[in-house]
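Trainee: Spelled out from the first residue to the last, the chains are:
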Amino acid sequence: MKKPARAMTLVAMVFVVFVFLLAETVVVKIKTTSIRKDPKFTSAAVAPLKAGESLEKLETRSGWVRVKTKAGVVGWVHSTAVEARKVNLTAMDKNMQTQASAGEVALAAKGFNKQVEDKYRTSNPNLDFALVDALEKLKPTAAEVDAFLKFGRLGEYGGAK
Amino acid sequence: MSARTKAFAAALLAAMIVLAGCQAVKQGAADVMAATGKISKEDAQSLVQTADVLRSTFADITDEEEYYIGRATAALILSKYKLYRNDSLSSYINVMGTAIAFSSDRPETYGGYHFAVLDSDEVNAMAAPGGFVFVTKGLVMRCGDEETLAAILAHEIGHVAERHGLQSIKKSRLIDAFKVIGSEASRQLNSEELAKVTAAFEGVLGDVVETLVERGYDRKFEYEADKLALSYAVRTGYSPGGLAEFLKGMEENKPAGRVSGWFKTHPSASDRLARAKAETAALGAVPVKLDARTARFAAAVKAVR
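So the protein lines, in turn, are chains A and B.
Just so you know, this note's numbering puts the end of the first sequence at 442, numbered straight through with nothing missing.
Just so you know, this note's numbering puts the end of the second sequence at 306, numbered straight through with nothing missing.
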């Protein structure tokens, strides 16, 4: 085999492995969420999830992804909560390590982050971030939303057209 | 190495870099290619630089960055408006807003959606990037039923879902910030970099807050949010008439002379009303109003009236 052809094959193989890995694993991109029993938000949570966690992607259905955690828990997560995993090719080259390292997550977080907010807060002490924290804690439970929908005949309880 | 092979290798590498979009991967992939002699070191470096340039627009802002922009935007809004404290109203608006967000195109954001009422008689609604949604007491007073308030919340969720707030950020500001963020392999910003990124962050907040509070979004974003409001409301199970009802009320009670709040930051209600009516007609069979909803709305907003 000629050298250029061999080079092309090698590059193509790396690409195929890369695309394969990209398609099969997703990473949680939001602060916290849950894996749910069924593909809907009012369904029971079966496991908590947090940013950076890798999940095996099993199938997709109208905006939802069925996933499996490292602990083996299977359930549904909304597609807007996850993204395709970023593969560290340097690590792969060394020892075929395929897990996203803590370093990668830290690197991904470099940008407008807590460090920048802290610095901004120091120079703007008049801003009430404690109030923002309090607003952020206002998060209705799935059961509260379900009761609201049921009473108001909304969502799956609707029907009057 | 032939020019064709080189071009092929470069194209594949570029594709991987774009797909990965992460500095370690970019540099790592380029290093691997260069070390194995597939491409020259110079080519590898130029590909990495090309990938860096790619992170330059609002679409490259991560969900986590959007969250921090949103938190500071919320803090700035709360420095201009006082929060209206009423636990039952706050709970009502949060449950309703969350129910609508669940039916939106973007139910999950980094920090989630949160809804609050501002203690102001001005009629206004604002959404900070990432999901802090504010409505004034004056606006709540203008709503006659749950469908109307649902339409307003759905409109604001539409702005968040489509990242309209982030689109008001000047491109040059993001390019400056991304240059600093992406220039070093180090995982923590040093003090000089931190100062630069924080300065860019302040600029970003200035652009966003000016748009939300003073100038208003581009007209096309308002029309888009109206369209999404109708769609999200109907998906949640609401009658789509709420938006038209609110706009009609706004048109009939337009203040004379110098305007502020909603009147200043939004395109004319009559124009939006005509569009909303046409879009509603195109929806076909839609849910209808329900007395039980109107009654719980009246009970929840009793305090502001």
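Any given hint might turn out to be false.
[To be verified] Not the full set, but computed from the structure, chain A residues with beta-carbon under 8 Å of chain B:
# : residue
1 : V355
2 : G433
3 : G436
[Stated by the list, open to error] Below, a list of computed lysine-lysine pairs in the DSS-like style, where the Cα atoms sit at most 27 Å apart:
#  : chain 1 : residue 1 : chain 2 : residue 2
4  : B       : K83       : A       : K420
5  : A       : K395      : B       : K83
6  : A       : K400      : B       : K290
7  : B       : K180      : A       : K431
8  : A       : K418      : B       : K290
9  : A       : K431      : B       : K83
10 : B       : K303      : A       : K400
[To be verified] What follows is a list of derived Cβ distance ranges for each label pair:
#  : chain 1 : residue 1 : chain 2 : residue 2 : range
11 : A       : D399      : B       : S89       : 30 to 36 Å
12 : B       : D106      : A       : Y438      : 19 to 25 Å
13 : A       : V354      : B       : A196      : 20 to 26 Å
14 : B       : E215      : A       : T403      : 22 to 28 Å
15 : A       : P406      : B       : G207      : 15 to 21 Å
It should be emphasised that the hints constitute simulated quantities derived from the structure, not laboratory data.
We put the CB at the ideal spot given by N, CA and C, even for glycine.
Trainee: Does each hint hold? Answer for all of them.
Mentor: Okay, the hints, checked on the actual structure:
1. Here the hint on V355/A is broken, as its CB sits about 19 Å from the closest CB of chain B, past 8 Å.
2. For G433/A, the suggested interface contact is upheld, since its CB lies about 5 Å from the closest CB of chain B, less than 8 Å.
3. For G436/A, the shortest C-beta to C-beta distance to chain B is roughly 5 Å, which falls under 8 Å, so the interface hint holds.
4. Between K83/B and K420/A the CA atoms are separated by roughly 21 Å; this keeps the pair inside 27 Å, and the hint holds.
5. Distance hint between K395/A and K83/B is fulfilled; the C-alpha atoms sit about 25 Å from each other, no more than 27 Å.
6. With a C-alpha separation of about 49 Å, the suggested pairing of K400/A with K290/B is violated against the 27 Å cut-off.
7. Taking the CA atoms of K180/B and K431/A, the gap is about 50 Å. The hint is violated against a cut of 27 Å.
8. Straight-line distance between C-alpha atoms of K418/A and K290/B comes to about 31 Å, which puts the hinted pair past the 27 Å bound.
9. The hinted pair formed by K431/A and K83/B fails the criterion: a straight-line CA distance of about 33 Å is larger than 27 Å.
10. For the hint pairing K303/B with K400/A, the CA-to-CA distance comes to about 42 Å; that exceeds 27 Å, so the pair is violated.
11. Our hint of 30 to 36 Å for D399/A and S89/B holds, since their Cβ atoms are close to 35 Å apart.
12. Between D106/B and Y438/A the beta carbons are some 22 Å apart, a value that agrees with the proposed interval 19 to 25 Å.
13. The beta-carbon spacing between V354/A and A196/B, approximately 44 Å, falls outside the hinted interval of 20 to 26 Å.
14. E215/B and T403/A have their C-beta atoms about 26 Å apart, which keeps the hinted 22 to 28 Å range intact.
15. Separation of P406/A from G207/B is about 18 Å and conforms to the stated range, judged on CB atoms against 15 to 21 Å.
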